[in-house]
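Each chain, written out:
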Amino acid sequence: MHPIRAVWPSEDGVFFSVATPGERAVDVLVDGRRVWSFREPADPPALGTLPPGAVGEHLRFEPWPGVIRERLPTRFTLALRAIAEDGTADEPVAATAELSGDRPPALADIHGRPLVVNKWGRLGHALADAAPGLVERMLDHMDEIRDLLQSHLGPVVCVTGGTLLGPIRDEGRLIPHDDDADLTYLSSWDHPADVVRESFELGRLLREAGYDVIRLSAAHVQMHFTHDGVPDHYVDVFGGFLREGYLLQTFAIRAPMAREQLLPPATIMVEGRPEPAPRDPEAVLAENYGPGWRIPDPSFVFDLPESTTARFSGWFADYHADREAWEDLVLLGRQTLPAEDRTSGFADWVHRVTPPDHAILELGCGLGVDARALAASGRTVRAVDFSRYGIEAARSRSVGGGGQVSFDLVNLLDLRAVLRLGAVCAGDPQPWTVYGRRVLNALEAPGRDNVFRLCGMLVRRGGAAHLDVVTDAEAAGLPPHLRVSTGRLVDEAARHGLVLDEATTRQELLNWVGETADEQLVEISRMTFRRRMR
Amino acid sequence: MNGHEELSGSRALVRRLMHPIRRAVAPAALELHGKIQELREENRVLREELVELRAELRELQELQELHGRVDGVERRMDLLDERNGVLTDGLQESRRLNLRIAELADVVTELVLPLHDREIDAGALRSLRPDAG
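Residue numbers (the working numbering), protein chains in the order written: chain A, 1 to 534; chain B, 535 to 667.
Derived from the structure by calculation, the hints contain no laboratory data. Note that this is a predicted model, so its numbers are computed, not measured. Positions of the beta carbon are idealized from the N, C-alpha and C atoms, including for glycine. Don't take every hint at face value.
[As the list claims (entries may be wrong)] Restraint ranges, calculated between C-beta atoms of paired labels, are given here:
id	chain 1	residue 1	chain 2	residue 2	range
1	A	Val301	B	Gln598	49 to 55 Å
2	B	Ala589	A	Glu244	35 to 41 Å
3	A	Arg388	B	Asp605	55 to 61 Å
4	B	Arg603	A	Glu474	45 to 51 Å
5	A	Glu324	B	Gln598	55 to 61 Å
6	B	Val604	A	Glu324	45 to 51 Å
7	B	Glu586	A	Glu244	46 to 52 Å
8	B	Arg634	A	Leu337	35 to 41 Å
9	A	Gly245	B	Glu586	57 to 63 Å
[Claimed, not checked] Short derived list, chain B residues pointing at chain A, Cβ under 10 Å:
id	residue
10	Thr622
11	Leu625
12	Gln626
13	Ser628
14	Leu631
15	Leu633
16	Glu637
17	Leu638
18	Leu645
19	Leu647
Could you build the full structure based on these sequences and the hints that come with them?
Here it is as structure tokens:
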């Protein structure tokens, strides 16, 4: 008997009936393609919410994830596929969905790559939908990186994560809903600070070898690859080390483990290739994915104890916070270059109050509209952002007028990148004025500390730092951890020798990143900081 | 029959003889006598109750003491929660310092020293002898 008996799509989600209640994983297929998985809810839906015809002894409801709802076609075949306890997929049960609205199907990114909801609840890609040859290309690059790391570190590199889980569980095959290749290495260091220094060194090694390296934390880097000009795949490298009898492997493993369980590496087959694996892969997988790791679970999400996350966040920080959300603005086509570059009201004001001989450094430039417009007005502008897709879009349009603009990928969450930028700018002869629109609301305290440190370095020759901040408590879509008062900002700036010179409050239109993308009128404060007189 | 037995027999005889006289002359005294018995019984019961009440009182005192101790433990737990928060923040700050040290060490070796390698002051280097701690 099929576990799922019938399916009724609705505007808000999926109603379905089950033969017997369970906690099974369920795949959701849109026009025959898996786009998302969820865990069967324990409770029936509230009475009064049922669509016409929805009957059954055990009715269930699962809402559409917000990231996918706006992208569903208006008419499609919806199917649910239960995953049995042994991990095998049941026959899908289908129904025709007709949703309101008038929009083109958009379950693909701007490059036409099919999208799925990944284990982080975000839109991503799955190997099951991969273009021909992608898996081969990805594994080729993984092998290159493995060899490079081994040449530097010795035989301490192994496959990990999904690249270990799939092959161990499924006779050498990768997991269809995975999206990358994962490597780890066992550091010879046991102190987190030394592990970080080593990871920084490895980052340079990989960059010097020509890879496009993105640093996600002080012990985790990611190499991205394109194919025919289109983003294609990526390879993760996670740092790991043994300390006081525990294996600590970013970002998900903290468990008692002996060196002999990890090294020397065993050899496993990954899609027909011999790859190094931990000596006791079962032990590592149990710690990485829990005791149920042998059963495929497309709805799997990490549920890490605070004792683990606190250590990793403290030792290695998060250099990637919200970056994917900002990159999705470009990658998913939510934000595109306007027909014409025009300065925002804030940038226009900064241009008017800034002495003509000052260059402008824009922090968090996004698609670079203000930077190009300021340059077209004759300014020398250096603009930075941590979204490489944003920077690519910014660079894609040339600038008219007599000014100059350069766009650089700089992560304000990374102190080293910030100090380097400060040193580069300090080496230029002209005085600097710093401009950051909406940037303070995109950063938590450590990132803001880096911004004020940079401002403190750059405004020593008489410049100013002009930064705005949303002070409207009613502003929708801005999460609590990104709200900050002007008083607190003044205190944070003071630590770097900056004083508030001027602050004005005004109502401005705001589009914030994420699901609540509607433009809203909110209260914003513009703040000008200058160097404190000694 | 000894003297004592004679005396007891005499008393019983007197008592029997006196009873009708008392009933006739002072019936209230007889009632009072009966009351005395009741009061004695009542007194006995009350004493027993008093013993029980004292036991309960002791228990209540112990309970009150326990309440006091619980209040004390709760106050201590509140203080410990507060202390735990402070220590956890301190621990996290200490972890972040590890990162800060690594970042700064990296910046110094990769950026600061290369920028100034042509301006390194030999005198300053000499003042930082490796054995100087």
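- Restraint satisfaction for B:Leu645 [CB to CB of chain A, less than 10 Å]: holds, 6 Å
- Message: The hint names B:Leu625 as touching chain A; please verify it with the least Cβ-Cβ distance against 10 Å.
- Response: holds, 8 Å
- Using 10 Å as the Cβ threshold, decide whether B:Glu637 counts as touching chain A. holds, 5 Å
- Message: I want to verify a distance hint. Is the separation of the beta carbons of A:Val301 and B:Gln598 within 49 to 55 Å?
- Response: holds, 51 Å
- Does B:Leu647 pass the interface hint, meaning its C-beta sits closer than 10 Å to a C-beta of chain A? Since the shortest Cβ distance to chain A is 12 Å, the answer is violated.
- Message: Looking only at beta-carbon atoms, does the pair B:Ala589, A:Glu244 fall within the given range of 35 to 41 Å?
- Response: violated, 55 Å
- Task: Classify the hint on B:Leu633 as holds or violated, based on whether any CB of chain A lies nearer than 10 Å to its CB.
- Result: With a closest approach of 6 Å, the B:Leu633 hint holds.
- Message: B:Ser628 was flagged as interface toward chain A. Is the shortest Cβ-Cβ separation under 10 Å?
- Response: holds, 8 Å
- Query: Lying within 57 to 63 Å: is that true of the beta-carbon distance A:Gly245 to B:Glu586?
  - Reply: holds, 60 Å
- Can we keep the B:Leu631 interface hint, with Cβ of chain A closer than 10 Å? Holds. Min distance 9 Å.
- Message: For the hint 45 to 51 Å, verify it against the beta carbon of B:Val604 and that of A:Glu324.
- Response: For A:Glu324 against B:Val604, whose Cβ atoms are near 50 Å apart, the range 45 to 51 Å holds.
- Item | Per-residue hint verdict: B:Gln626, partner chain A, C-beta under 10 Å | holds, 5 Å
This entry does not satisfy hints 2, 7, 19, going by the numbered hints stated previously.
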